[in-house]
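Colleague: Here are the chains, one letter per residue:
Number of protein chains: 2
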Amino acid sequence: MARIITISREFGSGGRELGKRLADALGFEYYDREIIDQVAEESNMDAGFVENVLDGSFSINFPVTFGRTFLYADALQQNVTNLLVTEQKIIKALAKKNVDMVIVGRSADVLLRDYKPLNIFVYADTESKLARCRWRAPKNEALSDKELARKIKQVDAGRARQRRLITDKEWGDMKNYHLCINTTGANIKNLVPCLAEFVKYYF
Amino acid sequence: MARIITISREFGSGGRELGKRLADALGFEYYDREIIDQVAEESNMDAGFVENVLDGSFSINFPVTFGRTFLYADALQQNVTNLLVTEQKIIKALAKKNVDMVIVGRSADVLLRDYKPLNIFVYADTESKLARCRWRAPKNEALSDKELARKIKQVDAGRARQRRLITDKEWGDMKNYHLCINTTGANIKNLVPCLAEFVKYYF
Chain A
1 MARIITISRE FGSGGRELGK RLADALGFEY YDREIIDQVA EESNMDAGFV ENVLDGSFSI
61 NFPVTFGRTF LYADALQQNV TNLLVTEQKI IKALAKKNVD MVIVGRSADV LLRDYKPLNI
121 FVYADTESKL ARCRWRAPKN EALSDKELAR KIKQVDAGRA RQRRLITDKE WGDMKNYHLC
181 INTTGANIKN LVPCLAEFVK YYF
Chain B
1 MARIITISRE FGSGGRELGK RLADALGFEY YDREIIDQVA EESNMDAGFV ENVLDGSFSI
61 NFPVTFGRTF LYADALQQNV TNLLVTEQKI IKALAKKNVD MVIVGRSADV LLRDYKPLNI
121 FVYADTESKL ARCRWRAPKN EALSDKELAR KIKQVDAGRA RQRRLITDKE WGDMKNYHLC
181 INTTGANIKN LVPCLAEFVK YYF
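If you're matching them up, the sequences are chains A and B in order.
Quick note: the first sequence uses our numbering, first residue 1, plus one each step.
Quick note: the second sequence uses our numbering, first residue 1, plus one each step.
Some hints here could point you the wrong way.
Intra- or inter-copy, both count: the list cannot distinguish identical chains.
Think about it this way: if two alpha-carbon atoms lie no more than 20 Å apart in a straight line, the pair counts; the simulated EDC-like pairs of lysine to aspartate or glutamate are [claimed, not checked]: (1) K116 x E127; (2) K169 x D125; (3) K153 x D173; (4) K116 x E42; (5) K169 x E147; (6) K169 x E127; (7) K175 x E127; (8) K200 x E41; (9) K89 x D46.
For the record, the hints were derived by calculation from the structure and aren't laboratory data.
Predicted model only: the values in this text are computed from it and were never measured.
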């Protein structure tokens, strides 16, 4: 059976970078945004919209009072469901390719549990996540620390919410992962040999 | 500065075995029961009693209604406080020895924070902890699964309670550790190289 590593991560913790570097070091395939793009393509929808929906950061923020609005909300909910179903189909198809891979996010740990993946959770303290977000932010994004901290919380809340749609295994609950790694103040690159050793142990 | 590794662990997770094996592999000193014994010696008290008190598994389970009982409870509380103070003094003296060491339990991660220890949390699912406890239990201990599961919860609750006496950093909250490792179904011995790699990265 192919070796599958899933990486769940707090926004700003560097989990994506860690996943990419680990995949490169091990010669594993790497999936993250590629999944979003494929969902967007299959659904004929904008990748940005799809990402917002799948990450749970898209919420219905208008009053649901009139018949027509209900209809609209219903259609929207249907869209969300369809996109989630497409995403699950794509992730399961990936696993069937039977090649070693790292998948970041997307509740792949739950969706692919039959493949006995190694599940890693990456987290960091707020200060460290703020610093990383600042460093990675587009130059035209001028959020205050308070706004950025709120954004980080919102993204993570969205991830937890989306996860609850497909499983009762709470996002970020250490029980659901084999290893939880704190990247506060860490040089992500230097963590790769540690994880590689753990991969060797697990598979 | 000496390298200090602290291991906090759920009861039955194999954290103690992992700590001992890691210390042996690295050539570090190892402290666990030795601290209890030293506290007992310095306090002129029975090591079993001291262990119960320091692990928080000793609770006042009689009605506190009469003046005399209050006095008794007061004296008991004073004992608890004295033992905790002695324990802290001993742990800090250990760190001052300036030798590399692994310390299991005793909130050493908090007490020795000035030494920038590597803090590891070890946990496992209930089934796995039950199996480990059964395997390690004295032959004359005949607890049912339900009783044993309750004991495990009680021990961990005691650890969390004792920790709250000296810090607001919650026991078992991943934010307070550099690495959290799930030993469900694990062969503890095989985990040692993973942790050794992590130690190399951290220090």
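Colleague: All the hints need checking, so say for each whether the structure fits it.
Modeller: Hints, verified against the model:
{"no.": "1", "hint": "K116 x E127", "result": "between (34 Å within a copy, 18 Å between copies)"}
{"no.": "2", "hint": "K169 x D125", "result": "between (23 Å within a copy, 13 Å between copies)"}
{"no.": "3", "hint": "K153 x D173", "result": "both (16 Å within a copy, 18 Å between copies)"}
{"no.": "4", "hint": "K116 x E42", "result": "neither (27 Å within a copy, 50 Å between copies)"}
{"no.": "5", "hint": "K169 x E147", "result": "neither (29 Å within a copy, 26 Å between copies)"}
{"no.": "6", "hint": "K169 x E127", "result": "between (27 Å within a copy, 17 Å between copies)"}
{"no.": "7", "hint": "K175 x E127", "result": "between (25 Å within a copy, 12 Å between copies)"}
{"no.": "8", "hint": "K200 x E41", "result": "neither (36 Å within a copy, 44 Å between copies)"}
{"no.": "9", "hint": "K89 x D46", "result": "within (19 Å within a copy, 62 Å between copies)"}
Of the numbered hints listed earlier, those contradicted by the structure are 4, 5 and 8.
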